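Novice: Go by the hints and put chains B and C onto chain A.
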Amino acid sequence: MSLSLGEIVNQLGGELIGDSRVIIRQVATLEKATPDTIAFLANERYLKQLQATGAGAVIVGEQLRNSLDIPHIVAANPYAYFARTSALFNPQAEVAATRHESAVIHPGAILGESVYIAPHVVIEEGARIGSGSRIGVGAYVGAGSTIGDNGTLHPHVVIYHGCRLGRSVIVHAGTVIGADGFGIAMDQERWIKVPQIGGVSIGDDVEIGANTTIDRGAIDDTIIEDGVKLDNQIQIGHNVHIGAHTAIAACVGIAGSSRIGRFCRIGGASGIAGHLNIADNVEISAHTLVTKSITEAGTYTGAYPFERNRDWRRNAASLRSLGGLTGRVRALEQELKLRKKGTS
Amino acid sequence: MSLSLGEIVNQLGGELIGDSRVIIRQVATLEKATPDTIAFLANERYLKQLQATGAGAVIVGEQLRNSLDIPHIVAANPYAYFARTSALFNPQAEVAATRHESAVIHPGAILGESVYIAPHVVIEEGARIGSGSRIGVGAYVGAGSTIGDNGTLHPHVVIYHGCRLGRSVIVHAGTVIGADGFGIAMDQERWIKVPQIGGVSIGDDVEIGANTTIDRGAIDDTIIEDGVKLDNQIQIGHNVHIGAHTAIAACVGIAGSSRIGRFCRIGGASGIAGHLNIADNVEISAHTLVTKSITEAGTYTGAYPFERNRDWRRNAASLRSLGGLTGRVRALEQELKLRKKGTS
Amino acid sequence: MSLSLGEIVNQLGGELIGDSRVIIRQVATLEKATPDTIAFLANERYLKQLQATGAGAVIVGEQLRNSLDIPHIVAANPYAYFARTSALFNPQAEVAATRHESAVIHPGAILGESVYIAPHVVIEEGARIGSGSRIGVGAYVGAGSTIGDNGTLHPHVVIYHGCRLGRSVIVHAGTVIGADGFGIAMDQERWIKVPQIGGVSIGDDVEIGANTTIDRGAIDDTIIEDGVKLDNQIQIGHNVHIGAHTAIAACVGIAGSSRIGRFCRIGGASGIAGHLNIADNVEISAHTLVTKSITEAGTYTGAYPFERNRDWRRNAASLRSLGGLTGRVRALEQELKLRKKGTS
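Each protein sequence line maps, in turn, to chains A, B and C.
FYI, the numbering for the first sequence is -7 to 336, going by my numbering.
FYI, the numbering for the second sequence is -7 to 336, going by my numbering.
FYI, the numbering for the third sequence is -7 to 336, going by my numbering.
This is chain A alone, in the form it adopts within the complex:
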């Protein structure tokens, strides 16, 4: 595919500064760009690379409007503009609507039109696959589960029985949706299993990374609303509810029955304890454990600041007697106050 800068701006908007006839064939990073590619500035720390880039054009924000000699497109949101540009040059590959003979599809399953079924897929009784969906190699759709239209299951995705995925949901390889939640009750020195009879309900336009796990509800469903984006290796416990358009980075764990608001951003490897409420528009930093409900939007953090091991040793040892230190400071303050009285 090749498009002139003029054609790109015609299709996507933004303001072009420079020669509209320059031909672009692909997107590129600033560092490796060639004259037939377009790059973008995502992050101020790459300004030096912008100066040295070999790109035919770049996408920048308003503040760089007058700082560049090469053709550039000024966009209100350069990263989103870049995303759309890349989608122009990299349309999703068409997949033929075939059904591989090694797939095992129960006669009581219902498949929409133009569905691609890869080798070794298994689809159980009562499952429904929406039109235009692609079910990747070895993926499994349990009894009565539903994949909405234009869904994509990458290889080896496992959807247990009784789960519902909305339209245009993408699930990456190895992800497991609908396994039993961790419901156990201690009784006479033995754990009894609590049957997990809820399902998982996932909205439209959700994307889920690789090797993530979303447990089915204990009684009611686990719920992921529209537009949620989950990275790899995330663990969502039973009966969690995630509000629309929340984005969660890799390795996060959310314990059972917690409710996350809309438009939250949850940093990598952070955790949310069970039975909490997190308001809309909350940002959680990486490696933070949230142990109480959060009622106000804002950024919350709880990572230990790393340092050289020898410094950490000293500070961490002091941390173990910090409660005592606080008491000692209070005692000093009292002592000085008393003396003040004595001398005044």
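Each hint should be verified, as a subset may be incorrect.
For chains that are exact copies, the list does not tell them apart, and a pair is met inside one copy or across any two.
What the hints assert, rightly or not - Computed list of lysine to aspartate or glutamate pairs in EDC-like fashion (alpha-carbon distance at most 20 Å, straight line):
(1) K24 to D61
(2) K284 to E299
(3) K284 to D303
(4) K329 to D213
(5) K284 to E327
(6) K284 to D272
These aren't lab readings, by the way, just hints derived from the structure by calculation.
Predicted, not measured: the structure shown is a model, and the values here were computed from it.
Specialist: Below, chains B and C alone, put in the same frame as chain A:
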């Protein structure tokens, strides 16, 4: 299925207060319960929902015996009672003892009676599958490995060679048992692989969540005793030994050769360093890293307390000079002592 | 297999002290060793076990040369010597170069000589499998991806399209290489997907554990250099670059575009934020979050020191006002200085 409250109490014990003829058809949450369902109070924070519930009956503890107008069952352990009630209404589905033609079973494997083998299963030479077991879609059982009676492997579980699972073990989708432990030795600026020749030995009544990994031993076996319950995405290193009835929440990592006691409870995303001993009945809080052996029962914690990012910034910066602060307080204390001497 | 101690030293070097005719049949742990096995001392904390061992011989370092009555091999690097000894007694099993009839191999894929293809494997168009490679049950190799010579994919490994693995790479079960990176741009209250058009490039002699995920690059490739060793359940974000011979323990997450040096050692469940540079020979302790680039070799740590819950409660509460405490100490210091002036 439908049972009267009287029949439930007949089968499960507990004390019924209210009309024994009320008909129950399913368990429910307090919030969504209807008159033909029975709910329970798991957690004091749901007391408000108890007052407003539409349930036909509820399961409660002794302390709520006289606080309710609707029929209720008083149980010493309401959550365990609920687990048994739910199991009554939700018995495990029967699965026909069939063997799908796409499964590849080595003639030297031994299958017990009434075994269900799903499509695309592979069972290698010398493996044994106990009677009544269900081997899910695409599951793999390596050479010489044993699945005890009434075992359940969910889809895509991988059991490497030379592993042993006891009776009534449940393994959820995507879990890998018996992969090589992380045994590498640095030699002349190259890592050499240490052959991992031990196996994995898992007791009876163990349940393992989805996408968990349990490595085979370097020389001797990795051992999981009876009744252990593991959640999703847990990592168990080589030669770890987990005592009976210990429960481990999701995303925990246990490094090689550590030995965990019986009846421990290990919170989500916590970690245990290698070569440690953890006593029986130890509780580890979520996100805690255990770096020393624990010889006494009790609860141990090491999570950074989260707060608003601006507060965290200030406190975390101070933490970086906490060792110095401790010294400054000591100096102040000395100074005041000296003056005291001087003035007295 | 059986070898005398003399034969072992002939093959592997080291200095034998004791009877060279002793016959060894296998390696063993000190604890469970029998007279026909050889053990080693990996860790000073096992010295007591060394004294009580039933082994026929042990591998030790220089410092134990004169401390043992039983035959022993003195090696400069006992653990590496043990690794080589174990490899002698446990050579990799030969696998017949067969291709199972249930495998689905695109006619446009290219397979080298002596390749083993297990049941239910799928290899897409343009993929290449190097000579001597073993592709395990249900593994998937996407279009145009390359597995170098002597590669091993364990069961259910998923390699997306356009990825390249070097020679002698081992990938354990359930690992996913080349899934889309987490590239999303917020635009008008909706997340737009940024196409992930880079690949993954993995060098020679790399080993990757089970259920690990390595994302494809957003534009350029994600790169793992020669000799890197990755444990289980690691998450490598898009465009990460890992230098040669770096070893990473389980459950680590590395965010997008970070660059890790050579010969680094990264402890379990630690994390590295995005867009950072980590120098060569850096060691990161377990559970540490690295939030800034590291320019000097050394050990860096950031784990909260765990303690009994009641102590943690007190200290963690004080941590929340540590910034204030620092100010109070400064005030006390000022106060005393003033008084000193006043009295002098």
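Novice: Can you tell me if K284 and D303 fall within 20 Å by alpha carbon in one copy, between copies, both or neither?
Specialist: between (30 Å within a copy, 16 Å between copies)
Novice: How would you classify K284 and D272 at a CA-CA limit of 20 Å: within, between, both, or neither?
Specialist: within (15 Å within a copy, 29 Å between copies)
Novice: Pop the pair K24 and D61 into one bin, within, between, both or neither, using alpha-carbon distances up to 20 Å.
Specialist: This pair counts as within: shortest intra-copy Cα distance 18 Å, inter-copy 64 Å.
Novice: Between K284 and E327, at a C-alpha cutoff of 20 Å, which is it: within one copy, between copies, both, or neither?
Specialist: Neither. Shortest intra-copy (37 Å) and inter-copy (39 Å) distances fail the 20 Å Cα cut-off.
Novice: For the identical chains here, do K329 and D213 meet the 20 Å Cα criterion within one copy, between copies, both, or neither?
Specialist: neither (60 Å within a copy, 65 Å between copies)
Novice: Regarding K284 and E299, is the shortest C-alpha distance of 20 Å or less found within a copy, between copies, in both, or in neither?
Specialist: between (28 Å within a copy, 10 Å between copies)
Checked against the numbered hints listed earlier, the structure breaks hints 4 and 5; every other hint is satisfied.
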